[in-house]
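Fit chain E to the supplied structure of chain B, relying on the hints for placement.
There are 2 protein chains.
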Amino acid sequence: MSKHTILTIGRQVGSGGREIGRRLAEQMGIPFYDKELIAQAAKKSGFSQEIFEEADEKAANSLLYSLVMGVYSATGSLRVTGDEPLVEQLFRVQSEVIREVADQGPCIIVGRCADYVLRNRADCASVFIHADMEFRCRRAVEQYGFSEYKIRERLQKEDKRRASYYNFYSGKEWGKAREYDITLSSSKIGIDNAVLLLEQYLKLR
Amino acid sequence: MSKHTILTIGRQVGSGGREIGRRLAEQMGIPFYDKELIAQAAKKSGFSQEIFEEADEKAANSLLYSLVMGVYSATGSLRVTGDEPLVEQLFRVQSEVIREVADQGPCIIVGRCADYVLRNRADCASVFIHADMEFRCRRAVEQYGFSEYKIRERLQKEDKRRASYYNFYSGKEWGKAREYDITLSSSKIGIDNAVLLLEQYLKLR
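Respectively, the protein sequence lines represent chains B and E. Residues in the first sequence are numbered consecutively from 470, following this note's numbering. Residues in the second sequence are numbered consecutively from 470, following this note's numbering.
Chain B on its own, in the form it takes in the complex:
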């Protein structure tokens, strides 16, 4: 196994990016972080885990978008500690956890701007997974139980939310090739082959 074994994954919803990460981590025998990250952050920060879970769920609707864009923080109504808005506290705590788990050894981390948080580590590789709309809709319905009602619009809305979050915190551009070490269309190569290719990629680096 090469020294380059920290992999961050950004992904379009329904592209299978999370599953690719989970399977690759299993195959390589290294930890995989997603919701676990939130749980760790909750414990270390002194916030109750419920608050983190609530904030994480809210990320799925437009409230977080407003928070990120500073609408709430400008009024100060949601500030909880000094001058730092809640959502920025969450980001800071999550970033600390990301840095800690990366220090502990090889791992795979999905979402949460981990590529940006770990940008100064030479041993960290970043991937972005996307897929065509038909593939994503099918996966969202079959794997995550989404209803078919306005499914395209909902996926597009989620893309926008992820892009806003990522662009706001990283100052980079979500889904732009040059922001990532490698990007893949999972609908073109398939989930299984994406896992194989990324394993090859990590070996080659």
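Misleading hints may appear alongside valid ones.
Identical copies look the same in the list; a pair holds intra-copy or inter-copy alike.
With a straight-line cut-off of 35 Å between C-alpha atoms, the simulated DSBU-like cross-links for lysine-lysine are [said to hold, decoys possible]:
(1) Lys645 x Lys672
(2) Lys619 x Lys513
(3) Lys504 x Lys619
(4) Lys672 x Lys513
(5) Lys629 x Lys672
(6) Lys513 x Lys645
(7) Lys672 x Lys641
Hints listed in this document are in silico derivations from the structure and should not be mistaken for laboratory results. Nothing here was measured: the structure is a model prediction, and the numbers come from that model.
Positioned in the frame of chain B, the structure of chain E alone reads:
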């Protein structure tokens, strides 16, 4: 060898995308098209090769940008046949050649919106190669003999030109991950490893 052996390569100037394509084609024993494409197009179109070479050189400065943006074609001053501006004739002829060489069998084609031209072929894979600015400057100076004077600005200008050309003809977004089947940073993985990984990619598809 899999059936998917037509590969199109888009790339930032100085990223080594052309060299990666040439080496991969050599290794796979299949044709590689770049300037050759222009020569073939020239013969078939009835234009002299000089006109094509001239147009190709002009693509390096802002004239083509103006042409593509319709400034010249709007005045009609550079129209040569009926209502079709010269630059669009060139694009059409080049696209025909791209389709012909793709029909003939496995090959690798660099630049010229080949991914867009061949978008309806399921046996065609598209890659985009990029690299960090330091790597690109070094390659441009060492491999292509660029002077170091304002090298960053010149590379950025060339990126803009390629993006304008690609976006105009394809209606897509140059360098955006979702427009390509796979993208790679050559400065992160290296030229040799990029060739190996792309060969793996084509085998897996």
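**OP:** Could you tell me which of the hints above the structure violates, numbers in ascending order?
**Re:** 2
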